[in-house]
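One-letter residues, chain by chain:
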Amino acid sequence: MSTLKTPVSGSDRQTGYRGAPVTLVEYGDYQCSHCGIAHPFIKRLLAEKEKDILFVFRNFPLQEAHPAAYIAALAAEAAGQQGKFWLMHDIIFEHQDHLDGNSLLSFAEALDLDMHQFAQDWKSEALQQKVEADFESGIRSGVNGTPTFFVNGEKIAYDETYESLLHAVERVAQAHR
Amino acid sequence: MAGSILEKGATAPDFDLHCTPDQRLKLHDLKGKRVILAFYPADWSPVCSDQMAVYNEARKLFQQHNAEVIGISVDSKWCHLAFEQDRHLHFPLLADFEPKGEVSRLYGAYNEEEGQSKRALFVIDEQGVIQWSYLSPDGINPGADGILEALETMDNGKH
Numbered sequence: 001m002s003t004l005k006t007p008v009s010g011s012d013r014q015t016g017y018r019g020a021p022v023t024l025v026e027y028g029d030y031q032c033s034h035c036g037i038a039h040p041f042i043k044r045l046l047a048e049k050e051k052d053i054l055f056v057f058r059n060f061p062l063q064e065a066h067p068a069a070y071i072a073a074l075a076a077e078a079a080g081q082q083g084k085f086w087l088m089h090d091i092i093f094e095h096q097d098h099l100d101g102n103s104l105l106s107f108a109e110a111l112d113l114d115m116h117q118f119a120q121d122w123k124s125e126a127l128q129q130k131v132e133a134d135f136e137s138g139i140r141s142g143v144n145g146t147p148t149f150f151v152n153g154e155k156i157a158y159d160e161t162y163e164s165l166l167h168a169v170e171r172v173a174q175a176h177r
Numbered sequence: 001m002a003g004s005i006l007e008k009g010a011t012a013p014d015f016d017l018h019c020t021p022d023q024r025l026k027l028h029d030l031k032g033k034r035v036i037l038a039f040y041p042a043d044w045s046p047v048c049s050d051q052m053a054v055y056n057e058a059r060k061l062f063q064q065h066n067a068e069v070i071g072i073s074v075d076s077k078w079c080h081l082a083f084e085q086d087r088h089l090h091f092p093l094l095a096d097f098e099p100k101g102e103v104s105r106l107y108g109a110y111n112e113e114e115g116q117s118k119r120a121l122f123v124i125d126e127q128g129v130i131q132w133s134y135l136s137p138d139g140i141n142p143g144a145d146g147i148l149e150a151l152e153t154m155d156n157g158k159h
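Read top to bottom, the protein sequences are chains C and R.
Counting in full-length UniProt numbering, the first sequence runs from 1 upward without gaps.
Counting in full-length UniProt numbering, the second sequence runs from 1 upward without gaps.
Accuracy of the hints is not assured; some may be wrong.
A partial selection of chain R residues facing chain C, derived with a Cβ cut-off under 8 Å [as the list claims (entries may be wrong)]:
no., residue
1, 23
2, 32
3, 33
4, 50
5, 51
6, 56
7, 58
8, 135
9, 138
10, 139
11, 142
12, 144
13, 145
14, 148
Note that these hints are calculated values from the structure, not bench results.
Quick caveat, the model's predicted, so the values are computed rather than measured.
A virtual CB, placed ideally from N, CA and C, is assigned to each residue, including glycine.
Can you build the whole structure from these sequences, using the hints too?
Written out as structure tokens, the structure is:
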């Protein structure tokens with residue numbers, strides 16, 4: 001099984017419990033339907049295993065297969081510059097069948113973002129580099145499609161069920177008790 | 001013969017196959033470049049489609065190491081064309097179609113029972129010598145991490 005080659009750091013988008021025994025990293029693509037299926041699983045996992053999990057999302061947009069995946073990744077990162085990464089992340093996944101430049105702008109407006117700032121960040125070199133760096137770290141870690149999950153640095157066997165995520169998380173969490 | 005793919009140090013067998021309906025590609029045309037030859041079982045199958053989609057996106061990383069990726073399966077040139085267009089693939093897919101599987105056999109990457117290529121990767125250097133190879137189980141997408149590591153090892157060997 002592959003291992004995570006780039007450790008989780010302060011530059012990663014993180015949510016959940018700091019100091020949790022389990023760090024769950026997802027490499028995902030906002031326009032990938034399988035990631036859309038996994039999205040509510042993650043929400044449920046974070047709610048049910050509140051003290052056990054720190055969740056990290058890294059971008060792995062397959063741009064040729066999913067034409068809006070890259071701009072969606074940038075939009076989430078740009079919202080993150082205003083402290084609303086996870087709100088944007090949720091809205092994008094909840095509307096993943098309707099992603100384009102206009103819908104992404106309307107999500108930013110709905111989140112009450114400073115639109116001038118958003119427009120600048122959305123196209124900024126720095127955020128593009130972040131998305132590309134996420135992608136490259138995924139390639140180096142053996143990510144071969146999305147979503148791919150790592151629990152404490154080890155790639156897990158995810159079979160599109162909530163249970164497969166839950167078991168992977170519980171196995172590590174229990175070892176820490 | 002069965003079950004062993006060509007390994008590091010072997011000269012990569014030359015080929016002359018259709019990459020589009022009216023163009024052919026020969027390995028020796030690519031001398032001076034590194035070539036990543038990715039044999040795979042079939043266009044359209046789920047695992048291969050993911051694998052090719054990932055290589056499509058990883059091309060820019062490969063190119064930083066003077067390497068071009070080429071896919072190869074026993075599907076026909078017309079099947080490849082439709083697959084490339086549907087998936088927006090920007091690298092050549094070779095048709096090992098007639099005689100069926102001939103090139104796959106030369107690399108030890110032919111599955112006689114299924115009548116299709118195995119899922120095998122070869123990294124070939126500028127002189128046409130295999131520097132790294134990897135055979136993946138049919139159902140497992142090998143990703144690109146091994147390819148990148150092989151290319152980096154080749155970079156380091158130059159100094």
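Comparing the hints with the structure gives:
no. : hint : in the structure
1   : 23   : 21 Å, violated
2   : 32   : 25 Å, violated
3   : 33   : 20 Å, violated
4   : 50   : 4 Å, holds
5   : 51   : 7 Å, holds
6   : 56   : 5 Å, holds
7   : 58   : 5 Å, holds
8   : 135  : 16 Å, violated
9   : 138  : 14 Å, violated
10  : 139  : 12 Å, violated
11  : 142  : 7 Å, holds
12  : 144  : 5 Å, holds
13  : 145  : 4 Å, holds
14  : 148  : 6 Å, holds
In this structure, the earlier hints numbered 1, 2, 3, 8, 9, 10 are contradicted, and the remaining ones agree with it.
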